[in-house]
Amino acid sequence: MSERHSITLTLNGTVISAKVDARTHLADFLRQHLRLTGTHIGCEHGVCGACNVMLDGRSARSCLMLAVQADGAVIETVEGLTASGIIADLQQEFVARNALQCGYCTPGILMTATELLSRTQPNRAEIRDALSGNYCRCTGYHAIVDAIEAIATRRAEAAS
Amino acid sequence: MKAPIFTYRRPDDLDGALALLADHAGEAQVLAGGQSLMPTLNMRLSSPGMLVDINRIASLRGIADRGEAIRVGALVRHAEVAESSLMAARIPLIALAMPHVAHMAVRNRGTTCGSLALADPSAEMPAVAVALDARIVLNKRGATRTVSARAFFQGLYQTARDDDEMITEILFPVARKNQIFGFAELSRRHGDFATVGVAVRARHIVGALDDLSVVFFGSEPAPLLSPGARDIILAADCTDTTLADAARAMTADMEPMDNQQGRGETKRKQAAVLLQRTLRDMLGRARIRSSDV
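Top line first, the protein sequences correspond to chains A and B. Residue 111 in the numbering used here is what sits at position 91 of the first sequence, and the numbering runs on without skipping anything. Residue 166 in the numbering used here is what sits at position 169 of the second sequence, and the numbering runs on without skipping anything.
Chain A extracted, bound-state conformation (with noise of 0.2 Å):
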C-alpha cells in the first residue's frame, strides 16, 4: 500500500484539501481525483509540455510534480485560467488563428504564453524559444507563434 498524506492548496482560486498517494502525480491527482481534465497528459516525463499548469504564478510540469508536493501551493489550470477570463484574449486569438488542430497540446501552450506574456513583451524569437518546451504535432507552431505575437502587441497598446 502506498501511504497517503493530507494535502492543503489553492486549487484555481478555491482552497480545497485532499488524502493522496505519496506516489500520485499532479498531473492525475487533478484529472482523476478532481475531474479536471483540461490538464493533458502526453509523455508524462516532461518533454511535451501538455500537462504545464501554473504554479506559484509561473508555469511548471504537473506530471513531473508529486501531488503531494503542491501542499501549501496555490495552482491554476487551464479551467480556472478560463472561469477568470484573463486569457479570453488569448484563446479567442488561438481560435481565430487556427492556432490549434487537435488542441491536445493548448492547454499546456495557453501556461507557457501566460507565463510569458506575464513577464514581458515577447518577439517571435523569445516565443519560439520559450515554446520549445511544448510540442504541437498538428499546426507547425506558426499560426501559434502569430496568436501570441499578436496578444503581446495588443496587450501592449492597451497598456501604454
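Just so you know, these hints were derived from the structure itself, not from any lab. Keep in mind the model is a prediction, meaning the values are calculated, not measured. Please note: incorrect hints may appear among the correct ones.
[Claimed, not checked] Here are some, though not all, of the chain B residues that point toward chain A, as calculated from beta-carbon distances under 8 Å:
| id | residue |
| --- | --- |
| 1 | Y5 |
| 2 | P8 |
| 3 | M35 |
| 4 | P36 |
| 5 | A55 |
| 6 | S56 |
| 7 | H100 |
For every residue, glycine included, the Cβ atom is placed at its ideal position computed from N, Cα and C.
Mind docking chain B on chain A? Use the hints.
Relative to the frame of chain A, chain B by itself:
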C-alpha cells in the same frame, strides 16, 4: 507509466534531512526540483524506497555574494540563476550557458545543485562547474566537506557524493577582470539534451588568450577538462588554420561515446567545430576589450 511505491518525507530543517539520509543510506533519495528524478520514477528506471523532499528547508534557498565566490543553495532553481543580475555580472559563463538549460517550465522547478548531483552527461551546469573549478559542499550527519567540481564528476552519473550525503550548496568563483568565457552546444531541439558541447574559460593577456580551461560535455561519460588545452596560447590575430589545429589538439583528449545521437568520432569533429567558433568569438571579444584599454 506511474511511479513505484515509496515513502515520502518532508523535513523542515537540514538536520532532519541528513538524519533520514543517514538512517536510510542507499535507499533514500533527495527530491529537490524533481525534473530528472520524476521522469525516472514515472518510467520506473529508479525505485528509491524513500524520497526526502528538501523543498521546505529554508537554509537551502538563496543566491549569496560571498566575495570571491557566489553561493548557490540546493533549492535555487535554474530560473533564479538565470534571472540573477548578480550571477550574470559576476559569473558570465553561467549567463552564456543558462539559455541552453532545458525549457522554461523545467527551469522553474529544476535546481542547479540537483543537476550537479545527478551528473547527467549532457547537462550544462556540471560542465560549467568544472570549467570554473567551482566548489561543491556536501553535508552528511555530523560532517561537511567541500569537493572541487574537477574531482566531483567521476563517470556516467557517478560522482564523489556518498549515499548518506547531499549537496547543500555550490560556490562558483567570480570571474577575474582578465578572464573571458565561451559556451556552445549542439542539440536536436533548443533546450534538449546536448549531443556535444564546450564550456571555456581563458585568461586574456596582451594580444592573446592563455590558461585555457576547455570542458567537453554531452559526448563524454562525465565533463572532460582537456589536459592539452592548458599549454595552448592563442594569438588574437591567429589564422583559421592555427585555430583548427588547436581545436584538433584539444579534441584529441576526448573519449566520445557512441549512441543514438551519433558516432563518437562524429561528435569529436562536431566538438572541434564548436570549439573553433567559440574560441574565435572569444578572441574577437578579447580584441575589443584590449582596444578599450
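Against the structure, the hints:
Because the smallest distance between the Cβ of Y5/B and any Cβ of chain A comes to about 4 Å, under 8 Å, the interface hint for this residue holds. Because the smallest distance between the Cβ of P8/B and any Cβ of chain A comes to about 14 Å, over 8 Å, the interface hint for this residue is violated. Annotation: interface hint on M35/B holds; nearest CB of chain A at approximately 4 Å, less than 8 Å. Interface restraint check: P36/B against chain A, minimum CB-CB distance 4 Å, threshold 8 Å, status holds.
Contact between A55/B and chain A, as hinted, is not supported at the beta carbon level, the nearest pair being about 14 Å apart and thus beyond 8 Å. At a threshold of 8 Å, the smallest CB-CB gap from S56/B to chain A is about 18 Å, leaving the interface hint violated. The beta carbon of H100/B comes within 3 Å of a beta carbon in chain A, closer than 8 Å, and the hint placing it at the interface holds.
Hint violations for this structure: numbers 2, 5, 6, all remaining hints satisfied.
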